[in-house]
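The primary structure of each chain is shown beneath.
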Amino acid sequence: MTQFVTKEKTKGLDEIKSSKEPIKKVSLIISKGSLDGVYPGLIMGNGARMEGIEATLFFTFFGLEAIINDKMDNLKVPTVGNPAMHIPTMLGGLPGMSSFATKKMKEEMENLDIPPVREFIEMIHDTGAEIYACKATVDMFHLDESDFCEQVDGIITVGEFYEKSAGAEIIFT
Amino acid sequence: MTSETKQEKTVLLDQDGHLANREDWSEELAQELANIEDVGELTDRHWKVIKYIQKEFDEQGDAPSIRKLTKESGVSTKELYQLFPKGPAKKAAKIAGLPKPKGCI
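Chains A and B, in that order, give the protein sequences.
Per full-length UniProt numbering, the first sequence starts with residue 1, numbered consecutively.
Per full-length UniProt numbering, the second sequence starts with residue 1, numbered consecutively.
Hints should not be assumed to be uniformly reliable.
Here are the simulated lysine-lysine pairs, DSSO-like style, with alpha carbons at most 30 angstroms apart [stated by the list, open to error]:
#, chain 1, residue 1, chain 2, residue 2
1, B, Lys9, B, Lys71
2, A, Lys71, B, Lys71
3, B, Lys68, B, Lys48
4, A, Lys71, B, Lys90
5, B, Lys51, A, Lys103
6, A, Lys104, B, Lys48
7, B, Lys51, A, Lys104
8, A, Lys24, B, Lys78
9, B, Lys102, A, Lys25
10, B, Lys78, B, Lys68
11, A, Lys24, A, Lys135
12, B, Lys78, B, Lys55
13, A, Lys20, B, Lys71
14, A, Lys76, A, Lys32
15, B, Lys100, A, Lys20
16, B, Lys71, B, Lys48
17, A, Lys24, B, Lys48
18, B, Lys9, A, Lys106
19, B, Lys90, A, Lys20
20, B, Lys51, B, Lys100
Covered by chain B, per the in silico footprint, the following chain A stretches (three or more residues, Cβ under 8 angstroms) [what the hints assert, rightly or not]:
#, stretch
21, 40–53
22, 108–117
23, 122–131
Residues on chain A that point at chain B, a partial pick, calculated with CB under 8 angstroms [claimed, not checked]:
#, residue
24, Thr2
25, Phe4
26, Thr137
27, Val138
No lab work stands behind these hints, which were simulated from the structure alone.
We put the beta carbon where it would ideally sit given N, CA and C, even for glycine.
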């Protein structure tokens, strides 16, 4: 038998395991359709699963773009109306600026091994996380199930979202 | 507990519960760590992941991201989560005798 002791020698293995009550489940709402609006939710969802936390992703309003087959590969970084871009608004509005910023950001993310949206959605779904589309938005945009990538587990109402989020921390992005 | 008399051994852990000294690691110890982590009996597939992240750690100084791991080790994301339930990156690193991974992905 091996005995495991920590550096401080004051805490045993059981204490390390139970020192803090861990988060067990998260429900992430992804409501924005820009590239930078979508990634935080995806990274947090994937990160939750990596920590053994259950995760449900709920896409609503323009966030739906991240799971629509024809749109998900073409999300863009906006260059207008975002002071943190440090580009004057008039310049940011010039043709090609958004595409340029998007290309740059995608390169940076690839360097960090952050996958493109479609691959990320597949990966997150493979970790066992559930992915849902918001019914109100689906109706508003006249969409149906065939518009979404195959990883989408269903189109659900806000009520069903709350049911599925029982016991979860809800995070709005 | 096995019936054989085993020599009592003391192994130092860091504050995350990972091995403090990699030299303490052995394949037998990996199995003991796997038992503690509820991973169970280590199979060839587990070993494939463990050996890969050890190699990657030696070359890069950190455990690989899950994306890199699945692409290069030939173990899919789904399988990885089955092999190391409830936190594959951390558990695999722990069993491999490596510190907690630093990456977010």
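Are there hints from earlier that the structure breaks, and if so, what are their numbers? 1, 4, 5, 6, 7, 13, 18, 26 and 27
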